[in-house]
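Peer 1: Listed here are the chains, written in short residue letters.
Protein chains: 2
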Amino acid sequence: MKKNTTTPQRRNFLKNLGLSTLPVLLPAASMASELTWDTSNQQQVPVNFIFDGLWFSPQAYLDKLQAINQKQAIAPDYYGNGGATQKLETAFAKITGKEKAIFLPTGTMANQLVIKLLNGNNTKVLVPENSHVFRDEADAAQEVHGKRLVPVGKGKPFFELQDLKQTIRYYNEGEVFRSGIGTVVIECPVRRADGAAIPFNTLKAITNYCREKGYKTHLDGARIHLASAYTGVSVAKYASLFDTVYISLYKYLNASSGAILCGKAEVIDQLTHQIKVYGGTAFQTWNATAMALHYLEGIEDRWKKVKVNAAQVMSSLNKLEGVQINKLTNGTNIYHLKLDKTIDLKVLANTLFKGHNIWLGRANKEGIVKFTINESLLQRTPQKIVDAWKQALGKAKK
Amino acid sequence: MKKNTTTPQRRNFLKNLGLSTLPVLLPAASMASELTWDTSNQQQVPVNFIFDGLWFSPQAYLDKLQAINQKQAIAPDYYGNGGATQKLETAFAKITGKEKAIFLPTGTMANQLVIKLLNGNNTKVLVPENSHVFRDEADAAQEVHGKRLVPVGKGKPFFELQDLKQTIRYYNEGEVFRSGIGTVVIECPVRRADGAAIPFNTLKAITNYCREKGYKTHLDGARIHLASAYTGVSVAKYASLFDTVYISLYKYLNASSGAILCGKAEVIDQLTHQIKVYGGTAFQTWNATAMALHYLEGIEDRWKKVKVNAAQVMSSLNKLEGVQINKLTNGTNIYHLKLDKTIDLKVLANTLFKGHNIWLGRANKEGIVKFTINESLLQRTPQKIVDAWKQALGKAKK
Chain A
29 MKKNTTTPQR RNFLKNLGLS TLPVLLPAAS MASELTWDTS NQQQVPVNFI FDGLWFSPQA
89 YLDKLQAINQ KQAIAPDYYG NGGATQKLET AFAKITGKEK AIFLPTGTMA NQLVIKLLNG
149 NNTKVLVPEN SHVFRDEADA AQEVHGKRLV PVGKGKPFFE LQDLKQTIRY YNEGEVFRSG
209 IGTVVIECPV RRADGAAIPF NTLKAITNYC REKGYKTHLD GARIHLASAY TGVSVAKYAS
269 LFDTVYISLY KYLNASSGAI LCGKAEVIDQ LTHQIKVYGG TAFQTWNATA MALHYLEGIE
329 DRWKKVKVNA AQVMSSLNKL EGVQINKLTN GTNIYHLKLD KTIDLKVLAN TLFKGHNIWL
389 GRANKEGIVK FTINESLLQR TPQKIVDAWK QALGKAKK
Chain B
29 MKKNTTTPQR RNFLKNLGLS TLPVLLPAAS MASELTWDTS NQQQVPVNFI FDGLWFSPQA
89 YLDKLQAINQ KQAIAPDYYG NGGATQKLET AFAKITGKEK AIFLPTGTMA NQLVIKLLNG
149 NNTKVLVPEN SHVFRDEADA AQEVHGKRLV PVGKGKPFFE LQDLKQTIRY YNEGEVFRSG
209 IGTVVIECPV RRADGAAIPF NTLKAITNYC REKGYKTHLD GARIHLASAY TGVSVAKYAS
269 LFDTVYISLY KYLNASSGAI LCGKAEVIDQ LTHQIKVYGG TAFQTWNATA MALHYLEGIE
329 DRWKKVKVNA AQVMSSLNKL EGVQINKLTN GTNIYHLKLD KTIDLKVLAN TLFKGHNIWL
389 GRANKEGIVK FTINESLLQR TPQKIVDAWK QALGKAKK
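From first to last, the protein sequence lines stand for chains A and B. Here the first sequence is numbered in my numbering, starting from 29 and rising by one per residue. Here the second sequence is numbered in my numbering, starting from 29 and rising by one per residue.
FYI, nobody ran anything at the bench for these hints, they're computed from the structure. Some hints here could point you the wrong way.
Just so you know, same-sequence chains aren't split out, so a pair can sit in one copy or run between any two.
Unchecked claim - Each computed DSSO-like pair below joins lysine-lysine, with the alpha-carbon atoms no more than 27 Å apart:
| # | residue 1 | residue 2 |
| --- | --- | --- |
| 1 | Lys355 | Lys241 |
| 2 | Lys292 | Lys382 |
| 3 | Lys182 | Lys304 |
| 4 | Lys279 | Lys355 |
| 5 | Lys99 | Lys418 |
| 6 | Lys425 | Lys184 |
| 7 | Lys99 | Lys122 |
| 8 | Lys382 | Lys99 |
| 9 | Lys304 | Lys279 |
| 10 | Lys99 | Lys333 |
| 11 | Lys115 | Lys369 |
Start from the sequences and build out the full structure, keeping to the hints where you can.
Peer 2: Structure follows, in structure tokens:
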């Protein structure tokens with residue numbers, strides 16, 4: 029009961045993602061009930077161009093878990109021990125090439141606890157200005173853990189080695205009572221930069237420097253598989269640069285919630301106690317971890333297909349009059365869609381949603397729709413998706 | 029991946045509950061896989077005399093959520109806002125008679141955060157020695173929140189007003205640098221005292237005194253409905269004595285995890301930020317809250333029936349040779365079962381489990397089985413349960 033009304037909060041939730049993804053088909057508060065995305069009356073499985081994942085309704089979520097359980101009985105965990113949760117931890121340790129992995133209820137807890145542990149008695153943590161840890165974790169580092177987050181690369185999609193060096197100099201040379209810098213955090217792909225994947229050489233240069241200077245490194249890899257899918261750099265290769273890596277379970281692995289933190293045993297072994305005292309040791313988590321485990325299996329092959337299908341869809345759509353979908357610098361699964369003024373976006377999105385169960389986000393102030401690719405593209409052939417767009421564009425022509 | 033092996037941990041989990049509830053039918057490590065309670069091959073829905081709730085397998089949990097969703101579509105929450113989670117919060121605010129209620133991922137987080145908030149700048153919190161907050165929350169208060177937990181009533185099932193006064197005197201009169209006592213915590217029913225419900229007059233005397241002296245009061249009411257069911261004191265009446273009350277969602281409301289904290293708006297409104305910075309703001313929680321909401325509805329009526337059925341079952345069992353089930357002082361849903369030496373408990377429990385899907389816990393060192401009543405008793409008629417026992421006792425006779 030955070031506030032007294034529900035609807036405005038949900039709208040804010042979607043708006044505040046900073047994605048401008050609130051579908052144009054839901055512009056009025058009176059229609060906000062549709063935000064539950066209950067498409068159970070629809071004949072077709074949804075294809076969405078809004079989220080990183082499938083964005084299940086409760087019905088779809090339960091159906092999927094039932095199917096997973098039918099295939100092989102889900103083993104429950106108890107307080108995070110055993111069962112699907114342990115299987116997922118084992119799988120992630122292997123994928124990231126780290127000694128151990130551990131489940132946490134949120135990415136915020138994963139980032140914050142590991143930063144605290146890596147940082148030791150040092151007070152400063154260098155983080156990207158354009159990051160979840162700096163902008164979306166509500167000053168947890170300062171308020172809860174007594175660590176000061178120092179932003180690097182202000183105004184940039186991501187910082188370069190020279191930005192980092194400059195920031196370090198500013199503090200190390202300019203403060204009379206010099207206090208320690210312990211850890212450097214990098215987020216990749218960068219959510220607040222439309223999913224930009226930081227070039228591997230940049231990551232390598234930064235982490236090499238950190239290792240040389242004795243700074244610990246943490247990767248906020250909430251969506252690391254999305255970077256991998258587009259750069260061809262494996263998750264293990266990304267992870268190898270860092271002491272620890274956090275990966276989200278709900279952004280593209282379709283779990284209801286949860287996070288995984290991977291690293292050396294000497295770090296991860298400390299987490300069990302830390303998660304407990306910070307209040308994160310939930311009774312059972314298989315509801316989330318069994319789902320993530322399912323979508324983790326074969327993810328690389330599926331994303332290869334997603335990319336092929338997406339390329340076909342976008343190539344075809346780009347040939348249609350008034351439609352322009354542009355790739356971004358260092359882009360991953362997010363593109364910029366711009367429509368000619370002769371096309372009514374609202375009518376287009378409404379027609380796609382109601383007639384074809386295809387979801388399209390709303391435009392930002394610059395008239396750009398963040399056109400987001402995800403596994404829902406595998407639910408239908410590219411041709412069917414393009415045909416739906418053609419029909420809807422016909423209706424949306426002013 | 030807390031450790032390298034699963035099985036010993038799960039065994040420890042059950043053992044460490046302090047209930048000695050690890051079923052006697054699962055004595056050997058080689059059988060520990062059955063700890064998942066996968067009874068999908070069984071014809072009958074389980075009746076358990078071990079837990080406070082139904083202890084669903086993943087299959088049973090998913091089936092139940094599907095049924096709930098079929099009856100009325102579950103509305104999802106987003107980061108705890110809206111949907112089933114908000115409905116549950118509203119319901120709990122009403123039930124406890126408090127202004128507001130909020131969902132948290134764990135009872136530990138609920139207890140710890142509210143103690144911190146209630147205590148203000150005071151450093152000491154008085155807690156029952158025999159409590160979850162003192163024994164099962166891993167020094168979170170001291171380590172994370174800088175609050176010192178002072179145990180009251182050492183060695184007793186629960187403390188009385190005179191114990192509290194004595195402890196307060198010890199600190200207020202005996203310390204040179206007197207530091208503040210801010211909050212008094214009470215747990216009811218007391219898990220570590222076989223579910224004893226503290227007499228209402230004792231609670232009233234203590235909380236009246238606290239109010240008079242300006243101490244805040246928090247009720248760890250993880251299983252408060254179980255106290256209500258046996259004492260006839262309503263949840264609202266219990267809650268009315270305290271500033272805040274926490275109630276568990278997974279102990280008898282059958283959710284996979286979660287907790288609810290209720291109190292005045294001025295306290296609960298602070299929790300949204302607190303939960304976020306401590307890492308508890310999970311993406312979606314309807315998986316747990318829709319289940320708890322379902323079992324919250326009509327709980328009082330169901331427990332009236334549970335008590336009637338349980339009385340019939342226990343009365344009949346007590347007439348059987350060699351079986352003795354005893355009520356406890358201030359007891360709620362836990363009884364002490366003692367078997368005559370002529371009965372082999374292991375054979376009895378095995379026969380009940382394999383032949384009738386009835387679960388019985390193992391005995392403690394004193395030969396006592398904690399015979400626990402819960403809603404699973406409503407799954408079968410008392411007569412059928414008693415008949416099953418008769419058959420199993422016949423087999424278990426040495």
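Peer 1: Against this structure, judge whether each hint is valid.
Peer 2: Against the structure, the hints:
no.: 1; hint: Lys355 x Lys241; in the structure: neither (37 Å within a copy, 67 Å between copies)
no.: 2; hint: Lys292 x Lys382; in the structure: neither (49 Å within a copy, 44 Å between copies)
no.: 3; hint: Lys182 x Lys304; in the structure: between (35 Å within a copy, 25 Å between copies)
no.: 4; hint: Lys279 x Lys355; in the structure: within (21 Å within a copy, 51 Å between copies)
no.: 5; hint: Lys99 x Lys418; in the structure: neither (38 Å within a copy, 38 Å between copies)
no.: 6; hint: Lys425 x Lys184; in the structure: neither (37 Å within a copy, 78 Å between copies)
no.: 7; hint: Lys99 x Lys122; in the structure: within (23 Å within a copy, 42 Å between copies)
no.: 8; hint: Lys382 x Lys99; in the structure: between (33 Å within a copy, 25 Å between copies)
no.: 9; hint: Lys304 x Lys279; in the structure: both (24 Å within a copy, 18 Å between copies)
no.: 10; hint: Lys99 x Lys333; in the structure: within (23 Å within a copy, 38 Å between copies)
no.: 11; hint: Lys115 x Lys369; in the structure: neither (51 Å within a copy, 43 Å between copies)
Checked against the numbered hints above, the structure breaks hints 1, 2, 5, 6 and 11 and satisfies the rest.
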